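J.: Just need the whole structure built from these sequences, with the hints factored in.
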Amino acid sequence: MPKHYRPAGKKKEGNAAKYITRSQAVKHLQVNLPVFRKLSILKGIFPREPKKKVKGNHHTYYHVKDIAFLQHEPLLEIFRDIRAYEKKIKKAESKKNPDLANRLRTRAPSYKLDRIIRERYPKFVDALRDLDDCLTMVHLFAALPALEREKIAVKRIHNCRRLSHEWQAYISRTHKLRKVFISVKGIYYQAEVEGQKITWLTPHALQQVFPGDDVDFNVMLTFVEVYETLLAFINYHLYHSIDVKYPPILDPRLEALASDLYALSRYFDANAKHSVVNPEASSVSGSEQVETQQKGIPPDESELRLAQLQHQLPSNEPGALMRLVEDVADEDEEDEDTRECKKLFKNMKFFLSREAPRESLLFIIPAFGGIVSWEGEGAPYKEADQSVTHQIVDRPTQGHIFLSREYVQPQWVYDCVNARIILPTEDYMVGRVPPPHLSPFVDNEAEGYIPEYAETIKRLKALARNEVLPLPGEGTEDLEDPHKLLVEGIIDRAEANEAAERKRKMLIEQNQYLNELKLEVDGVQYSSIASENKQSSSKETEARESEPDLQQIVQDHANRSTVVMSRRKRGLYEAAQISKKRRQDKVDVLVERNRKNKEAQKSGKN
Amino acid sequence: MSNEVLGKDSIEVEFNDNVGVVNSDDGSESDHAQECQSDSSELHQGVEESDSSEDEVTPRNTIGDVPLKWYQDEAHIGYDLAGKKIKKKERQDKLDSFLATADDSKNWLKVYDDYNDEEVEVTRQELKLVCRLLKGKAPHADFDPYAPYVDWFKWDDAKHPLSNAPEPKRRFIPSKWESKKVVKLVRAIRMGLIKFDKPKEEQRFYPLWRDDSSSTEKANHLAYIPAPKAKLPGHEESYNPSLEYIPTQEEINSYQLMYEEDRPKFIPKRYTSLKSIPAYDNVVKDIFERCLDLYLCPRVRKKRINVDPESLKPKLPCRRDLKPYPATCYLEYKGHKGAVMSISIEASGQWIASGSLDGTVCIWEVETGRCLRVWVVGEAVQCVAWNPLCELPILAVSAGQDVLLLDTGLGDGEEQKMIKDFLHVGTAKAPDDSGNKVSTVSWLQDDKHEGIRLRHFKTVSLVEWHRKGDYLSTVMPAGESRAVLIHQLSKKHTQRIPFKLHGLPVSAVFHPTRSIFFISTKKTVRVYDLREQKLIKKLETGLREVSSIAVHPGGDNVIVGSREGKLCWFDMDLSSQPYRILKCHPKDITNVAFHRTYPLFASCSDDCTAYVFHGTVYSDLNQNPLVVPLDILRGHASSNGRGVMDCKFHPKQPWLFTAGADSVIKLYCH
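Protein chains in written order, with the working numbering: chain E, 2 to 607; chain H, 10 to 679.
It should be emphasised that the hints constitute simulated quantities derived from the structure, not laboratory data.
Hints are not guaranteed to be accurate.
Heads up, simulated BS3-like pairs for lysine-lysine below, C-alpha to C-alpha not over 30 Å straight-line [unchecked claim]:
{"no.": "1", "chain 1": "H", "residue 1": "Lys-278", "chain 2": "E", "residue 2": "Lys-582"}
{"no.": "2", "chain 1": "E", "residue 1": "Lys-44", "chain 2": "H", "residue 2": "Lys-207"}
{"no.": "3", "chain 1": "E", "residue 1": "Lys-96", "chain 2": "H", "residue 2": "Lys-278"}
Partial chain E-side listing against chain H, Cβ under 10 Å, derived [stated by the list, open to error]:
{"no.": "4", "residue": "Asn-98"}
{"no.": "5", "residue": "Thr-107"}
{"no.": "6", "residue": "Lys-113"}
{"no.": "7", "residue": "Ala-147"}
{"no.": "8", "residue": "Val-194"}
{"no.": "9", "residue": "Pro-436"}
{"no.": "10", "residue": "Phe-442"}
{"no.": "11", "residue": "Glu-446"}
{"no.": "12", "residue": "Glu-593"}
{"no.": "13", "residue": "Arg-594"}
{"no.": "14", "residue": "Lys-597"}
Anything over 12 Å on all C-beta distances counts as not near chain E; from chain H, calculated [what the hints assert, rightly or not]:
{"no.": "15", "residue": "Tyr-121"}
{"no.": "16", "residue": "Glu-127"}
{"no.": "17", "residue": "Arg-199"}
{"no.": "18", "residue": "Gly-358"}
{"no.": "19", "residue": "Glu-424"}
{"no.": "20", "residue": "Tyr-480"}
{"no.": "21", "residue": "Arg-540"}
{"no.": "22", "residue": "Lys-546"}
{"no.": "23", "residue": "Arg-553"}
{"no.": "24", "residue": "Met-581"}
No experiment lies behind these values; they were computed from the predicted model shown.
For every residue, glycine included, the Cβ atom is placed at its ideal position computed from N, Cα and C.
T.: Here you go:
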């Protein structure tokens, strides 16, 4: 009798009934594989892992309920219609009837995904929780060139660009950005919206490299389709939560200059001001005076730019537009973190040089309460503006220097943001190699290794908070020593017990030995140097002999309790030990490299 | 004709063409005239009509646009218009040409035309043209490339129309056919036959999550498992990481030797400024792979156990509280030349006997390490065992197929006499076939050693005394159904155990207080009641191969050592499964032992160590025995892959004797 014998008339049970393989599912749904793939991406259906794989190990299994869920999806019917319709177009084309083909094309059935979004994310928080991949993808497509070959349409890219800017504008506006990190792969941002940490990656603003054949753009485009809709609805929700209209109407001139973000921030201001015109009037006029004094943008230009927003704003308010309006009402709702972030670059005015990464900095600096301008058309103020406090420069030398401002490399901004304090600018001056840029996503303590610069930042933070330093009144060079001690302390934490025990045992032995020596010396009544030497040497040898023994004893002691463990627990314990060792090995490599580097530096100096 | 003219003419003609007025030089005109006269007028016609300047003046050579190397080896360079060969001219030799350049300052203006095989001198005018061309300007200085366009056609105020035909009537009256068509369309629209295209609907946005409170509506599908978030970047992915994160060149090279899976996928690199970061090649690929993971990877909810490994360790009582136990080597008994296979301690604890592979049996004084007596048995000694009675210091020794019962010569005169009596076998008894007596063992008097020799039919591996000192059991692993025998010393007879053996017997022990007998085979331990002659219990060890067994002096607990280094503690009241399995040795366990009075037990193994445990058995049946590992005793050296062969506790003191394959016996004291 075969193992899985099922009498006739008896239903399937268990995993055999609950799970079907992909090919079974495709057959069941009566679609082809690409449609199935698209449907499962749109609906967010994924394979599941049955406890028992009835059909074998090399299949992917879908839950029957998931497949039933797909089967009742109206999109399935629409996809079939689309397929039939495509055949019509093809037929018209092959009959050399382009009129009909074109007319058919204009009437092709289409579908919307809002219902699916609602279905997949019944709550807003659910949608935010899954936003990481969405944002990364949309930001990637915003940076990609349109490509006919891969069916990447211009419209799609523009839409992605718009959505990503809208998202950034919201984050920047509400000061929800928390961490930034420049990696080789791109720039990581982490924001906190409604308690959800959302991390996304934007590629560097460069020509993107298209990979070869191993990327199937159909899959990616399907994902982008969902993500676009999702992000649009999320943006809508977020914009409405701060009483701003969505979709935003942008100044086409600024849009053309590719400074969408700035345009969006102006839109925000306009909207916000519209709602709270009266209480803000006095403060606005004050700042207005200040800013009109400075040589801002010529009035005719500003008028042009304001043409779109005229129904909301008086036209002769050039500088005040850029100013972020402080919403007093919001203050209570904001949490501690947001307030801290908002104040970071307060009263600082930045100017970006041509080569600095404009998009990223235009996003970050306002998010932390700073005011920023750039070199180029449509900028709110020029380089010559006297009130600029920091100019961000990414070139080896700076020609003309205004004494009133500090010239820093862009990394300074990122490091300040991560440290949440204004770092001293000396290390980031033009022409210097900046200090290492550290990832804010790493828990140094858990990792077991704290880079030197992280320690420095920690101390600076403590200083900023006016906390008592471990070593007050010492120079910066002495700063390193306690760090090192601390680092070593952490590294050695595991070995601490062993070392202590070893030390104690050694001490006991030494004492014993010394006593014996004393007795011997007293008894023999002579103490020549030679004999002492001999004794000491013998002592050394003994110490050396006893050392492995002691290690053995320590190890035995450690293993003592593992002997009594149950097999399961022992396995768990051993796995933990292995992973611990692996981590320790990594740390050891880093420590070793650090030591070598330092030695090399020292020898280089000498 | 001169080539000077040709070049000039060609350029001029081109220029003139541009302007649109033909205004040729008189020199060229004359040339043309000559050609026309000599050749057909048709050719001339063609020349005049052509746009190309090259066709304008026919070259002397007529070979056309063919590679000149075809004529390289010929005496002629081609053919003239009449079809006659044009002879090659004598070339100046190099020296002459060099001299010519040296002499004539204008020689650099001469260009050799190898098509026509002649030297052409560039005129001043032509030189200017060339200079202008090199600068990218129009060749003639007076040519204005941005001249206003002159429209030669007069568009308005013409006296006469272009066409003389009268305006047709259809220009003045509405079209009948058109109106008919319109009516038709209108009718069709009214009837709904023609539908208009609705304007493409843009995606409308609306508050999708306005009623967040209605989340109570249950999703009618399976629980959604959110995909795990992508890994966040560490310090090493920074564009400007700390120096220690950057591997050296040697390390990078060593990555090549690794397996592809182990190789780090990302090698940190340092860029000194933000703008020097190059485009990352795998941006799209990374995100595509993430997409694949999102829709192709099976998702499972997994419980990740996040416990401190230290908390997994059971709380053990402090070792100090469990003292005394053997911990340090106190004495060594040296004298054997081969591996010491077995040791045994006399009941009073004053003497220790040892048997070695070199065929000797020694008796040592425990406290001094003095060797009292040596028997040379001749064969490798497998096992030695003292009689457990103090007044009968008899030593049982298994050597090869024999078991020797030796008089150790200890004890006072009376005892000696008793022993002598005991160890006297009268005339070799004729094997009695009645009962369980086995003919395969013969009791012989051994005169050499003054004892009894029990000759077995197979090699005896183990000898074990009954607590009363009258019976002893021997195990012959190869003995099949007669593998385990019980000998009675007082009656000098041998009997087979009345039970069927399941598998190869490894060891057999008597119960310390009751008439129960333990036989361990390779997988199981069977417990028999000797009086009622039946099986009481079968202990499933679950081990691969049992090597030794020891019974707790209380009699309810058994420890079993195995060849895979595991020690099982059986609580026979609890179950037939091991109460606890201790993986205490990396190699075979050779022997296990219980202390008779202290709550101690020990195992010794081929890894040259002995492990001492604390094992309290409580009289309260509800309380499980307490097993605590105490110490690892080292000191023996390995020889031939064997380590410690035997371990025994002192009967009264918490001391442990170990016999090593390195022919040393060690005493460990507390």
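J.: If a hint holds in the structure, say so; if it doesn't, say that too.
T.: Consistency of the hints with the structure:
Pair hint Lys-278(H) plus Lys-582(E) holds up; C-alpha atoms about 26 Å apart against a cutoff of 30 Å. Restraint check: the Cα-Cα separation between Lys-44(E) and Lys-207(H) comes to about 29 Å, which is no more than 30 Å; the hinted pair holds. Restraint check for Lys-96(E) and Lys-278(H): the C-alpha separation of about 59 Å exceeds 30 Å, so the hint is violated. At a threshold of 10 Å, the smallest CB-CB gap from Asn-98(E) to chain H is about 18 Å, leaving the interface hint violated.
Annotation: Thr-107(E) was flagged as interfacial toward chain H, and the flag holds, the nearest CB pair being 6 Å apart, inside 10 Å. Hint status for Lys-113(E) relative to chain H: holds, with the closest Cβ pair at about 7 Å, below 10 Å. Proximity of Ala-147(E) to chain H is violated relative to the hint, the smallest CB-CB distance being about 14 Å (cut-off 10 Å). Hint status for Val-194(E): violated, given a least beta-carbon distance of 13 Å to chain H, over 10 Å.
Hint on Pro-436(E) holds. Least Cβ distance to chain H is approximately 8 Å, under the 10 Å limit. Evaluation of the Phe-442(E) hint against chain H yields a held restraint, the C-beta minimum of about 4 Å falling below 10 Å. Because the beta carbon of Glu-446(E) sits about 14 Å from the nearest beta carbon in chain H, more than 10 Å, this interface hint is broken. This hint holds: Glu-593(E) has a C-beta 8 Å from the nearest C-beta of chain H, less than the 10 Å allowed.
This hint holds: Arg-594(E) has a C-beta 4 Å from the nearest C-beta of chain H, less than the 10 Å allowed. Taking 10 Å as the C-beta contact cut-off toward chain H, the hint placing Lys-597(E) at the interface holds, the least distance being around 8 Å. Every CB of chain E is more than 12 Å from the CB of Tyr-121(H) (nearest about 49 Å), matching its label as outside the interface. Every C-beta of chain E lies more than 12 Å from that of Glu-127(H), the closest at about 55 Å, which supports listing it as non-interface.
Chain E leaves Arg-199(H) outside its interface by the beta-carbon criterion, the shortest separation being 21 Å against a cut-off of 12 Å. No beta-carbon of chain E is positioned within 12 Å of the beta-carbon of Gly-358(H); the least distance is around 28 Å. Every CB of chain E lies more than 12 Å from the CB of Glu-424(H), the least distance being 44 Å, so the non-interface label holds. Against chain E, the non-interface label of Tyr-480(H) holds: every CB pair exceeds 12 Å, the least being about 36 Å.
Distance to chain E confirms Arg-540(H) as a non-interface residue, since its nearest Cβ pair spans about 37 Å, more than 12 Å. Every C-beta of chain E lies more than 12 Å from that of Lys-546(H), the closest at about 24 Å, which supports listing it as non-interface. Every Cβ of chain E is farther than 12 Å from the Cβ of Arg-553(H); the closest lies at roughly 15 Å, confirming the non-interface assignment. Look at Met-581(H): its CB is around 20 Å from the nearest CB on chain E, clear of 12 Å, so calling it non-interface holds up.
Of the numbered hints listed earlier, those contradicted by the structure are 3, 4, 7, 8 and 11.
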